[in-house]
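K.L.:
In case you want the letters, here they are:
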Amino acid sequence: MKTKSNFKGKILNIEKIAKDTCKMDILSPMEKADAGQFISILCPNTTLRRPFSIANFENQIITILFKLKGDGTNYLSSLNKNDEIDFIAPLGNYFDIKNKKALLVGAGIGIAPMLFLKQTLNKKNIENYLITGFKSEDEMIKGSDETVVGGSVIDNLEKIIQDKKTEIIYSCGPIPVLKKISEISNKYNIPSQIAMEKIMACSIGVCRGCVIKIRKNNEIINASVCKDGPIFEGREVIWD
Amino acid sequence: MGLENLKTILKSNNRTLELKSPIIGASGTYGYNDEFGDFINTDYFGAISTKGITPEKRFGNDGDRIFEVQGGMINRIGLENVGIEAFIKEKLPVLKSKNIDFLLNIAGSTVEDYEQLAEIAQKNEIKAIEVNVSCPNVKSGCLEFGLNPDSLFDLVKKIRKLYNNFLIIKLSPNTSDIKALAKATQEGGADCISAINTLRGLGIKIDFDGKNFHRKSVKGGLSGSCIKPVALYMIEEIKNAVDMPIIAVGGISKLSDLFEFLSVGADAFQIGTANFIQPSICTDLAVELSNFIKENNFKNIEELKRKIKETK
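Just so you know, the sequences run in chain order A and B.
Numbered by our numbering, the letters in the first sequence go through residues 1 to 240 in order.
Numbered by our numbering, the letters in the second sequence go through residues 1001 to 1312 in order.
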């Protein structure tokens, strides 16, 4: 695992890319990051830092996508090009990339780590198909092979798995979507890796604020989303 | 660079605890210090207070554990910890090998729990324990001991019998009479008080989706800068009631906070929630404090403390 650090980065670009959705490019001294990892940004108007999945990392530029949800993201959206931001990165584990035909499923802003993963798989020449879903046309974010608008991203999943002869599923999105992904992957007996989300305090694995229950070696244990995760195997997660 | 001018000695009637700086990482915000790897440099820490340790391993609470509020946060971790046996076997050697000074923070549901933990701490020659009698997040015990002066006195006395090194009691602010608790702590034979633990709080968030309301709530311990005035008040009360060293904890995040707490009688400080915002905060504060002392020609922290206390 790479060493995490507290960095100061410079915003190279910030733009609105969909309804209530922004993309931010940050020039950073961070050396390496993998798909699935996240950064934790200091927002001076909130008590806690805010975690964001890395949507791309290339030439020292970190890209994040975020939806305007509250004080933290409103602050970020108020920033301008050349402003400095303070963040800790790279955080968490990452997708364990297998040389298998991959189906990538992103729901809403959950597309962010999927875009990074898709690019990583493309570079390794691993066959992949990214399907994403958005509530409405104006919330749509580009970059997928297939986009579902209005309906649910999981509705057609089983057909796609059969058509594409999927061998592994990677996914990020709200809990109901991830739960469904985990069920489908069990049904078809293919592995799934899902990016979990929970409110975090420290974001580095110390405070135990963001734990979920997982099954490991036939034992139920607490795992922190920020350090042991955010990526878990679908079958190991114990759903509430 | 050394920070010799920060050397702090907490002195009770019979015992002393030497700290290389008065800045201590508060319990629950540093784990057992093995999670950090080389991310956090603890060279300038006086100590870290470990995650609260119970006799048995605890999983903590299910569901949401964190709720952010204006100026702070509410947590209901519920004392998730590895248990004393695993701590001694797995965590203690790491702390020792890294030469990190620590306070062993202990918590129990019964008097026997505390006795067992005190005995083990003594057997393993642990230099200082901080007794959590004030966790608002577990259903039984703990807080109950901490809120009644008589039961607190009994508990402290029993721990004292079994533990001969530096004994710190962490007091709860969820009381109408902190002075009585402080007196019970001193009469029971403790060496030092740390205060305050988190305040009871309830965080509520109500969303409206155009049709229905959705309510989310977390009940637990409130921490962060919003509790600082309560901590200042409580520490002044404690100082007026007893003569023993006090470790201030509650909303500390900057140099001026340290001065404020020194002015009400604090001898050392614990930093909690601020670690989540700025992981280097303990080191930053130690360096800032040391530089302030140097630049303003004070001899050391002791002289600074005296000067601030003299200020009316």
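Calculated from the structure, these hints are not laboratory results.
You may find that some hints are simply not true.
What the hints assert, rightly or not - Under the rule of at most 16 Å between Cα atoms (straight-line distance), these lysine to aspartate or glutamate pairs were calculated in the EDC-like manner:
hint : chain 1 : residue 1 : chain 2 : residue 2
1    : B       : 1089      : B       : 1115
2    : B       : 1205      : A       : 71
3    : A       : 69        : B       : 1207
4    : A       : 101       : A       : 155
Unchecked claim - Just the calculated beta-carbon pair ranges, DEER-fashion:
hint : chain 1 : residue 1 : chain 2 : residue 2 : range
5    : A       : 78        : B       : 1011      : 17 to 23 Å
6    : B       : 1070      : A       : 31        : 32 to 38 Å
7    : B       : 1230      : A       : 217       : 25 to 31 Å
8    : B       : 1063      : A       : 80        : 55 to 61 Å
9    : B       : 1014      : A       : 221       : 39 to 45 Å
10   : B       : 1230      : A       : 127       : 48 to 54 Å
11   : A       : 221       : B       : 1292      : 16 to 22 Å
12   : A       : 29        : B       : 1151      : 33 to 39 Å
13   : A       : 19        : B       : 1124      : 31 to 37 Å
Claimed, not checked - Quick look at which bits of chain B chain A covers, simulated, 3 or more residues with Cβ under 8 Å:
hint : stretch
14   : 1123–1130
15   : 1152–1164
16   : 1201–1213
17   : 1252–1262
No residue lacks a Cβ here, since even glycine has one placed at the ideal position from N, Cα and C.
K.L.:
Do three or more residues of the stretch 1252–1262 of chain B come closer than 8 Å to chain A, measuring C-beta to C-beta?
P.N.:
Three-residue rule not met by the stretch 1252–1262 of chain B, so violated; n is 0.
K.L.:
Assuming the hint says 33 to 39 Å, is it satisfied by the Cβ distance from residue 29/A to residue 1151/B or not?
P.N.:
violated (54 Å)
K.L.:
In terms of beta carbon proximity below 8 Å, does the stretch 1152–1164 of chain B have 3 or more residues touching chain A?
P.N.:
It is violated: at least three residues are needed, and the stretch 1152–1164 of chain B offers just 0 whose Cβ sits closer than 8 Å to chain A.
K.L.:
Look at the Cβ atoms of residue 221/A and residue 1292/B and judge whether their distance stays inside 16 to 22 Å.
P.N.:
violated (45 Å)
K.L.:
Check the hint pairing residue 69/A with residue 1207/B against an upper bound of 16 Å on the C-alpha distance.
P.N.:
holds (12 Å)
K.L.:
Check the following: the C-beta atoms of residue 1230/B and residue 127/A are separated by a distance inside 48 to 54 Å.
P.N.:
violated (59 Å)
K.L.:
Taking the beta carbons of residue 1230/B and residue 217/A, is their distance inside 25 to 31 Å?
P.N.:
violated (45 Å)
K.L.:
Holds or violated: the stretch 1201–1213 of chain B covered by chain A, criterion of 3 or more residues with Cβ-Cβ distance under 8 Å?
P.N.:
violated (count 0)
K.L.:
Between residue 1063/B and residue 80/A, is the Cβ distance one that fits in 55 to 61 Å?
P.N.:
violated (39 Å)
K.L.:
When you take the CB atoms of residue 1070/B and residue 31/A, is the distance between them in 32 to 38 Å?
P.N.:
Roughly 37 Å apart at Cβ, these two residues keep to the hinted range, so it holds.
K.L.:
Compare the distance between the alpha carbons of residue 1089/B and residue 1115/B with 16 Å, and conclude whether the hinted pair is satisfied.
P.N.:
With Cα atoms ~19 Å apart, residue 1089/B and residue 1115/B exceed 16 Å; violated.
K.L.:
Does the beta carbon distance between residue 19/A and residue 1124/B stay inside 31 to 37 Å, or does it fall outside?
P.N.:
violated (59 Å)
In this structure, the earlier hints numbered 1, 4, 5, 7, 8, 10, 11, 12, 13, 14, 15, 16 and 17 are contradicted, and the remaining ones agree with it.
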